[in-house]
Amino acid sequence: LREQKTSDGRPRLKMGAAEAVDARQYIRHESLRDDDGRQYDMVILDAFTDGSTIPPHLMTREFFAEVADIMPEDGILFSNIIGSYTGPQHRVLGGAIRAQHAAGLVHIHNMPLKRQDRSFDPSVPRNNLLMASAQAIGPQQRADAWSRLADWQPYPELPMGRYVSRLVSLYDDQRARSVAVPVSEDAAYRELSERLRSRASATRSRQNSMWFAIIEDPDLIAQVGQMVLDGHPNARGWSRIPAYLKLQYLEVDWVHHARAAWAGTIGEARRQLPGRILVHDKLSLIGEDGRGGALEHSIPRVPLFTDARPNADIFNR
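Numbering-wise, the sequence shown is residues 4 to 320 according to our numbering.
The hints are simulated quantities; they were obtained by calculation from the structure and are not laboratory data.
Don't take each hint at face value.
[As the list claims (entries may be wrong)] Cβ-Cβ distance ranges computed for the label pairs, FRET-style:
id, residue 1, residue 2, range
1, D77, E33, 20 to 30 Å
2, A146, K249, 45 to 55 Å
3, F81, P185, 17 to 27 Å
4, E33, N83, 13 to 23 Å
5, D124, R304, 15 to 25 Å
6, R31, Q138, 20 to 30 Å
Here a beta-carbon is modelled for each residue, glycine too, at the ideal position from N, C-alpha and C.
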């Protein structure tokens with residue numbers, strides 16, 4: 004899209020980070036100057052700091068109102084927001100929905116990232132693709148558009164099985180204790196690589212895009228540790244391996260994974276309960292006034308993010 008041009012020679016897609024230091028500055032000033040005040044059909048908000056949090060000034064009612072001003076009435080804001088419904092960071096997600104609604108983008112529907120082979124857990128933090136517009140955009144009002152989304156397939160030209168990552172990492176029963184490191188492709192470690200792959204064969208199936216094995220064999224873990232240090236001598240967590248740590252071997256087919264994630268996400272986003280209640284609609288998630296929806300997975304205690312009281316992640320988890 005960045006290479007395609009409109010009829011008057013302008014790029015169809017412009018990346019704010021390449022045009023201005025700050026997204027809000029770009030919307031307020033540079034976009035008006037460069038595009039003569041013309042409106043955008045779609046705005047994508049995908050901005051994160053090193054701590055995987057969205058800058059607070061890009062999560063307020065006032066900012067979303069500025070976004071709405073540069074779009075036509077049927078324009079759509081897409082926001083990538085990490086959070087859950089009932090678990091960690093639920094207020095971050097809920098606050099974003101409420102702030103967008105308060106800014107006049109009253110039709111909001113969430114597409115929670117979910118693999119096709121997994122069930123949806125409202126307590127688990129994940130990437131959420133929020134869609135917000137001044138006009139109806141939900142699966143019931145725009146069934147034709149959602150059917151086209153369901154029919155679309157990522158990377159249709161690529162075969163499965165060609166783009167595969169094989170990673171090893173150390174962890175205990177609570178959390179990861181090392182960085183994930185690619186399995187060496189050196190011929191000296193071919194036999195070790197095959198041993199790891201055979202351990203993951205039990206989880207391999209056509210439905211799964213990720214296969215893994217949990218290994219507690221100390222000799223095998225030591226061999227993997229040596230392989231890692233030979234190729235990555237400064238890899239965090241691998242210089243000394245305590246006896247209580249386990250090894251995880253993970254294999255990911257990225258083409259399969261992208262397709263499974265897309266199919267699972269669209270399918271989950273369209274899910275309805277009896278009575279044609281959309282599970283991931285704004286009304287189900289935060290209610291009409293932000294005081295909470297009526298479903299079991301509705302987001303509790305939803306704040307309203309404003310310039311005067313922006314999101315503070317330390318409090319909104």
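Assessment of proposed distance window 17 to 27 Å (beta carbons of F81, P185): 32 Å Cβ-Cβ, so the 17 to 27 Å window is violated.
N83 and E33 - C-beta distance against the hinted 13 to 23 Å: Holds: the Cβ-Cβ distance is about 22 Å, inside 13 to 23 Å.
Distance restraint hint 15 to 25 Å, applied to the beta-carbon atoms of D124 and R304: holds, 20 Å
Range hint 45 to 55 Å (beta carbons of A146 and K249) holds or violated: Once the Cβ atoms are compared, 47 Å apart, the range 45 to 55 Å for K249 and A146 holds.
Satisfaction of the hinted span 20 to 30 Å by the C-beta atoms belonging to R31 and Q138: holds, 24 Å
C-beta pair D77, E33: status relative to the range 20 to 30 Å that was hinted: Taking Cβ atoms as reference, D77 and E33 lie about 24 Å apart, which means the hint holds.
When each numbered hint is compared with the structure, a violation occurs for hint 3 only.
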